[in-house]
Amino acid sequence: MELPLKTAAAENKASSEAGAESRSSGDIRGRHGLKDMMEQLMKAVFLICGLVAVGFVLVISAYLVISGIPAIREVGLIPFLFGADWDPANKSGNPAYGILPMILTSIYGTAGAIVIGVPIGFLMAVFLSKVARPGPAAVIREVVDLLAGIPSVVYGLVGMMLLVPGIRVLFGLPAGDSLLAAVIVLAIMILPSIISVSETALKAVPKEYEEASLALGATELETYFRVSAPAAKSGIAAAVVLGVGRAIGEAMAILMVAGNVANLPGLLKSVKFLTTAIAGEMSYAGGLHRQALFSIGLVLFLFIMLINALLNLFLKKSGKEDG
Amino acid sequence: MDREQMSICCGLSRRRRAYDLSMRSLLYASAAVICALLVFLIGYILFRGIPHLSWQFLSSEESVIKGIEGILPALINTLYVVIATLIIVLPLGVGSAIYLTEYASNRKLVSAIEFATETLAGMPSIIFALVGVIVFCEFAGLGTSLLAGAFSLVMMTLPTIIRTTQESLKTVPQSYREGSLALGGGKWHMVRTVVLPSSVDGIVTGCILAVGRIVGESAVLMFTAGMGMRLAKYGHSFGQFFENLFDSSGATLTVALYNYAKERADFESAFAVAVVLLAIAFVINIAAKLAGSKLKKH
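Those sequence lines, one after another, are chains A and B. Under the numbering used here, the residues of the first sequence are numbered 4 to 326, in order. Under the numbering used here, the residues of the second sequence are numbered 2 to 299, in order.
Extracted from the complex, chain B is given alone in its bound form (with noise of 0.2 Å):
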């Protein structure tokens, strides 16, 4: 505090000094529960997941037989899922956000699509699993599968896309477009060669956000991917992804710690799943924020 603020304070009644002294300190009060909650937080799931983390937990199988504990299934789970849910939900996000930047002239529908994605975007994970095991699972047929998981994570991400798209494709300059049609180019083509690649990085950022949101989500791939432990026959060629998709079932890493804690209470184990999580987390915030750092210089 400089001196200045020093006399004015001192020129208060006792009243006014009592209510800036106890607001400060309430302001500190608070700023200070709150980081020593998170550090408090982090340190505690370290503390207790990372002796037991070692390469052997993250890259075996269970095996009641050897002995072995291990969570490679949940970790090609989510990886599964993850990649599935991007392939769907960024042409349709990007379609979507595209339609309402450059394409859509009537305004009844603009309002229904964003009241549509503001819909989505508040609705609770475990609607989203209800209406996917319904609808995925049961009505098209797919079962308790990771492309279920997949499609009902779909809903839940499309409005992350969309947002973070429409805002980059905002951020292209109308020049470019006016530019681009001056041409002679057709608004495809200005949209194919000119807002899009200006476009990449709001793209990039969202897919992000998207992974945070999947990696992070249990309720939904609880009942509609499966919550088994054990790995299924995974192949590496482009056609075995697809025929995984569709066959196989299993629990992510979230789910997984689920089981750990909940269904097994091995606490270790779920704890050392925690750590992977948080490890998942810290790097997805920071390539959000590089991503969106580069959106803004834009």
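Just chain A, with the same shape it has in the complex (with noise of 0.2 Å):
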């Protein structure tokens, strides 16, 4: 993802001093008056445009900060963040607004994603970079295209149907609406961009590292696992912090299955998760209750923030290691 926009940076330089050269040669003439002032202006709209992006991370930041800040003033920030009761619309007026419980949930939720997702994902990019034949190998990558292009809704009822009465029954308990629901509806969501992720990083290893590995005495499996995939480490890490972005950020599929409690997360609990928060409580909520969803907005920002720090660090340097 860093790498083209690094070239890209690369000719833009190269193509403007290009456009100088022949721009100051139009002033010479000083003939093509309109002309240069189509040029300006054309110049000027696509500035514009290149500047809507930053506008909208702006306007996003802003507005999150704005309406995400008076709720947080209110109850405090410490009550806020680290309450264990969530009851907005008490009856007995004695709301209570702490999110840790979802603060919580979301990362156990993602944790538990990333634990059954990662490996299994990790372990089919292996066998689609390496073992298997290239037939078979592009039957199985449009496959799971397809499973990254099904509406996160699709997840959220086949869920519905399966996994939580799979669940209840299972467990013995009186409905299957659970964090364990949401972890597995999670791991499936998160696979294809781990799949593909790390299938380009271990693409990416050079082949002299493994064919000297071959050489050396290893077979085909330890040449993988302990070469290829050490050396496409940073590529593999990316992946598993992008899964973690989407794990946090998925709303709809697990609004379906996870029962929406403000429980402490537990695995076989109804939880609330920091998106589900949001969508399930937007449509009703007013007054604080609905600014106190902002600020779950804002610190859901925050998290997505440091996220993409952390993805843009990874990718950087696995950059670095495939140049």
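Just so you know, these hints were derived from the structure itself, not from any lab. It should be emphasised that the depicted structure is a prediction, and the values quoted were computed from it without experimental measurement. Built from N, CA and C at the ideal position, the CB exists for glycine as well. Treat the hints with care, since some could be wrong.
[As the list claims (entries may be wrong)] One-sided excerpt, in silico: chain B residues whose CB lies under 10 Å from chain A:
id: 1; residue: F58
id: 2; residue: S60
id: 3; residue: E103
id: 4; residue: W189
[Claimed, not checked] Derived EDC-like pairs (lysine to aspartate or glutamate); straight-line CA-CA distance at most 20 Å:
id: 5; chain 1: A; residue 1: K206; chain 2: A; residue 2: E225
id: 6; chain 1: B; residue 1: K290; chain 2: A; residue 2: D148
id: 7; chain 1: A; residue 1: K38; chain 2: B; residue 2: E168
id: 8; chain 1: A; residue 1: K272; chain 2: A; residue 2: D88
id: 9; chain 1: A; residue 1: K94; chain 2: A; residue 2: E284
id: 10; chain 1: B; residue 1: K295; chain 2: A; residue 2: E145
id: 11; chain 1: B; residue 1: K290; chain 2: A; residue 2: E145
id: 12; chain 1: A; residue 1: K206; chain 2: A; residue 2: D148
id: 13; chain 1: B; residue 1: K67; chain 2: B; residue 2: E269
id: 14; chain 1: A; residue 1: K46; chain 2: B; residue 2: E179
id: 15; chain 1: A; residue 1: K236; chain 2: A; residue 2: E223
id: 16; chain 1: B; residue 1: K263; chain 2: B; residue 2: E63
id: 17; chain 1: A; residue 1: K206; chain 2: A; residue 2: E223
id: 18; chain 1: B; residue 1: K295; chain 2: B; residue 2: E168
id: 19; chain 1: A; residue 1: K272; chain 2: A; residue 2: D90
id: 20; chain 1: A; residue 1: K319; chain 2: B; residue 2: E179
id: 21; chain 1: B; residue 1: K263; chain 2: B; residue 2: D21
id: 22; chain 1: B; residue 1: K290; chain 2: B; residue 2: E179
id: 23; chain 1: A; residue 1: K210; chain 2: A; residue 2: E223
id: 24; chain 1: A; residue 1: K46; chain 2: A; residue 2: E77
id: 25; chain 1: A; residue 1: K206; chain 2: A; residue 2: E284
id: 26; chain 1: B; residue 1: K263; chain 2: A; residue 2: E284
id: 27; chain 1: A; residue 1: K236; chain 2: A; residue 2: E211
id: 28; chain 1: B; residue 1: K295; chain 2: A; residue 2: E284
Mind assembling these two chains? They're in different frames, but the hints should get you there.
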């Protein structure tokens, strides 16, 4: 993701220098006033288009901060972040706005999805890039791409129909909506990105490394796991971080299977994630409750920015290794 | 496994042979698990959804009186949102990519734009939903409408368009640009006549991927474009298209699926919608592959 942008920047420099020369020669003649104006105008138009993305990010950050701060002010930062009770619609007029259960649920849920999804996804990536024959590998890749294209509500629906009743029967619970169901759905949903990013990283490992290892008498499998995988470790780390980002940001699919009660997380308990709190309560919340949802959005936003920063770090690292 | 390799294996210590065997079986097992999962997932959706799918279901509006179920409104809403979003995001995204690859000379500005694009790409959709509600529905006064939904999705799909367009702009040979400039054409002339026509494939790929994301999106649209399941007053003329964008709100396919499953517990209809979504995802995947392979040939 990072590499192409860098070469683009290099190209920019070259092409803009070429552009500057042509423009100055036009100025000397001074006869193409209209054309020059058009050039300047179009340059401005493209610049504005370019700035739109920056504008969006600024708007998102500004609005999340502006609408997220009031509730945190009113509740207090510590009670908001570390309060264990979330009960905005308390009948006795004593609402509680502590989001600790949701923060912990989001962290546990994401960790669970990573623990299940990453090993399977990584093994699949090794299989696709090293072991499988080109034909079957291409078919499997198509199928994995399709997995990535299925809307999240469809995963939620299947989870609702199969996982939730399954968990209810298996563990003898009154209801199967649980963190476990959400973790399984998330693990499946992050598989495609983990597979494709780690496969790209594994493919970028120089052939010489593997050849050297094989020549020294290591078997193929030893080579893949002890030479190729360590050589691709930044790319694989990037895949994991990307998976974390996907999992922590997913809302609709887990809204349908997690049960949505703000319990402190337990594998078989009905839980509420940061995302599902927003998605589930936004439609009816009002007043401080609504503001608190925006504060949850702000917390989620900070989590995501942290993850993005990590991701960039790993991608840069793996870019250097490839280069 | 060929004979040569067998002989190597047989010369190995027991522990290494066990390692080899267990790792190999792990690889095959994980591949088998994922493939089985996928086949099962798709098979299950088709199995549950297809019996309920009919022409009437696709082409009519639901009516309690007549006892008809139908997802025509959801189909139309989806189409509206897709078209409106693309109309807005395409010029912005392509323009932005052109700025980055053809015009930009300020390194700091370029890295700011690239950082912003990456940030948008990594943002979860629920954040776009929140911001869409405050900015477009409330601040800009659009209310809960298809247009507000489209604007929110513009934020989400912009990085996709920028990235794919940039990729294809980079495949345009530098000599084309130099040729055009040497012939005395200005920069804008060069972009218009040389660069853009050669990068149509990339732009098309970007559009297809963006359509995929829009069709699959639910959280954003649920809050910005509404959850109604009724048909608004849709007209066929161009003017009415815009009127409808402002006026009407309603559920797209994904939101309709959520409504069926979670609000009404009508799982047969939900699975039928899932089949439609699956079919769309399948078509989009193939289209993106085709466009992408054309892109690579250049």
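Against the structure, the hints:
Of the supplied interface hints, the one on F58 (chain B) is violated, with its beta-carbon coming no nearer than about 16 Å to a beta-carbon of chain A, more than 10 Å. For S60 (chain B), the interface hint is violated, since its Cβ never comes within 10 Å of a Cβ in chain A; the closest pair sits about 22 Å apart. Here the hint on E103 (chain B) is kept, as its CB sits about 6 Å from the closest CB of chain A, short of 10 Å. With a cut of 10 Å, the hint placing W189 (chain B) at the interface with chain A holds, because the nearest CB-to-CB distance is about 4 Å.
Only pairs whose Cα atoms come within 20 Å are accepted, and K206 (chain A) paired with E225 (chain A) is accepted, the gap being roughly 16 Å. Taking the CA atoms of K290 (chain B) and D148 (chain A), the gap is about 10 Å. The hint holds against a cut of 20 Å. Distance check on the hinted pair: K38 (chain A) and E168 (chain B) sit about 29 Å apart at the alpha-carbon level, beyond 20 Å; violated. The straight-line distance between the Cα atoms of K272 (chain A) and D88 (chain A) is roughly 15 Å, inside the 20 Å bound, and the hint therefore holds.
With a CA separation close to 17 Å, the supplied pair K94 (chain A) and E284 (chain A) stays within the 20 Å bound. The straight-line distance between the Cα atoms of K295 (chain B) and E145 (chain A) is roughly 17 Å, inside the 20 Å bound, and the hint therefore holds. Restraint check for K290 (chain B) and E145 (chain A): the C-alpha separation of about 9 Å stays at or below 20 Å, so the hint holds. Taking the CA atoms of K206 (chain A) and D148 (chain A), the gap is near 18 Å; set against the 20 Å cutoff, the hint holds.
Distance check on the hinted pair: K67 (chain B) and E269 (chain B) sit about 18 Å apart at the alpha-carbon level, within 20 Å; holds. As the CA atoms of K46 (chain A) and E179 (chain B) are separated by approximately 18 Å, the hinted pair is consistent with the 20 Å bound. Using a Cα cut-off of 20 Å, the hinted pair K236 (chain A) and E223 (chain A) holds, with the two alpha carbons roughly 18 Å apart. Among the hinted pairs, K263 (chain B) with E63 (chain B) is consistent with the structure: their alpha-carbon atoms are about 18 Å apart, no more than 20 Å.
Distance restraint check for K206 (chain A) and E223 (chain A): the Cα-Cα separation of roughly 15 Å lies within the 20 Å cut-off, and the hinted pair is therefore satisfied. In summary, the hint linking K295 (chain B) to E168 (chain B) is supported, as the alpha carbons are separated by about 13 Å, within the 20 Å threshold. Restraint check for K272 (chain A) and D90 (chain A): satisfied, since their Cα atoms lie roughly 17 Å apart, inside the 20 Å limit. About 31 Å separates the Cα atoms of K319 (chain A) and E179 (chain B), which puts this hinted pair outside 20 Å; it is violated.
With a C-alpha separation of about 48 Å, the suggested pairing of K263 (chain B) with D21 (chain B) is violated against the 20 Å cut-off. Between K290 (chain B) and E179 (chain B), the direct Cα distance comes to roughly 31 Å. Violation of the 20 Å bound is thereby established for this hinted pair. Annotation: proposed proximity of K210 (chain A) to E223 (chain A) holds, straight-line Cα distance about 13 Å (limit 20 Å). Distance check on the hinted pair: K46 (chain A) and E77 (chain A) sit about 47 Å apart at the alpha-carbon level, beyond 20 Å; violated.
At roughly 44 Å between alpha-carbon atoms, K206 (chain A) and E284 (chain A) are farther apart than 20 Å, so this suggested pair is violated. Between the alpha carbons of K263 (chain B) and E284 (chain A) the distance comes to roughly 14 Å, so the proposed pair stays at or under 20 Å and holds. For the hint linking K236 (chain A) to E211 (chain A), the alpha-carbon distance of about 17 Å falls within 20 Å, and the restraint holds. Straight-line distance between C-alpha atoms of K295 (chain B) and E284 (chain A) comes to about 45 Å, which puts the hinted pair past the 20 Å bound.
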